[in-house]
Amino acid sequence: QKEVEQNSGPLSVPEGAIASLNCTYSDRVSQSFFWYRQYSGKSPELIMSIYSNGDKEDGRFTAQLNKASQYVSLLIRDSQPSDSATYLCAAYNTNAGKSTFGDGTTLTVKP
Amino acid sequence: EAGVAQSPRYKIIEKRQSVAFWCNPISGHATLYWYQQILGQGPKLLIQFQNNGVVDDSQLPKDRFSAERLKGVDSTLKIQPAKLEDSAVYLCASSFKQGFVNTIYFGEGSWLTVV
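Going line by line, the protein sequences match chains A and B. Residue numbers for the first sequence follow the numbering used here, beginning at 1 and rising by one. Residue numbers for the second sequence follow the numbering used here, beginning at 1 and rising by one.
Keep in mind the hints are simulated off the structure, nothing from the lab. Where hints are given, some of them may not hold.
Covered stretches of chain A, as calculated for chain B (at least 3 residues, CB under 8 Å) [to be verified]:
#, segment
1, 43–56
2, 60–73
Lysine-lysine pairs mimicking PhoX-like chemistry, simulated, CA-CA at most 25 Å apart [claimed, not checked]:
#, chain 1, residue 1, chain 2, residue 2
3, A, LYS67, A, LYS110
4, B, LYS15, A, LYS2
5, B, LYS78, A, LYS42
6, A, LYS42, B, LYS71
7, A, LYS67, B, LYS97
8, A, LYS2, B, LYS71
9, A, LYS98, B, LYS78
10, A, LYS98, B, LYS71
11, B, LYS11, A, LYS98
12, B, LYS15, B, LYS44
13, A, LYS42, B, LYS83
14, B, LYS97, A, LYS56
15, B, LYS97, A, LYS98
16, A, LYS98, B, LYS15
17, A, LYS2, B, LYS11
By construction, the Cβ of each residue, glycine as well, lies at the ideal position given by its N, Cα and C atoms.
Take these sequences, add in the hints, and give me the full structure.
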């Protein structure tokens with residue numbers, strides 16, 4: 001089992017819809033979680049972080065964390081074609097000082 | 001604030017040749033990482049430095065890969081001799097930690113093609 005698992009996709013949504021990206025992690029001591037966006041041919045770019053159970057909103061993006069279920073998600077509202085990219089989930093274990101990345105979910109937003 | 005700088009951006013070499021990549025982290029970031037990313041996969045940690053000490057190099061193929069971070073700032077990753085399967089993007093990243101939140105920032109990457 002991978003430490004951080006994501007559905008590889010591709011996930012396709014129409015423009016204006018809500019895109020929902022999911023991530024599960026196996027290490028219960030992971031304390032903070034990150035979502036990165038990676039456009040084709042580019043490096044990962046930080047979108048947002050979350051470390052408390054519940055929702056965290058930043059513009060059109062909402063991260064959700066459920067530590068009991070070891071589940072993190074990213075919602076993108078009013079999806080735009082420019083959101084088409086691979087989204088990477090990462091978990092940070094403070095005790096080990098180690099960050100682990102998933103393999104990413106590819107999102108395509110169709111005009 | 002300047003981001004993580006990497007060079008060269010692109011490199012094509014023949015197998016069995018050597019290559020070196022350079023990285024300058026964000027000012028003040030004590031932790032520096034080298035990741036390897038193969039197409040379709042997430043970043044795989046090769047080595048992690050805290051200042052100029054190695055924290056984790058468990059996935060670094062030490063028979064061919066080496067890395068150093070002199071004076072706790074810049075870092076160099078070397079591959080010698082290169083194999084075809086080393087074709088990948090080599091991402092340098094740096095981070096700062098606030099409490100239990102460790103935020104990693106990536107450079108633009110160094111794209112290696114081994115032919």
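Kindly indicate which numbered hints from before are broken by the structure, ordering the numbers from low to high. 2, 3, 4, 6, 8, 11, 16, 17
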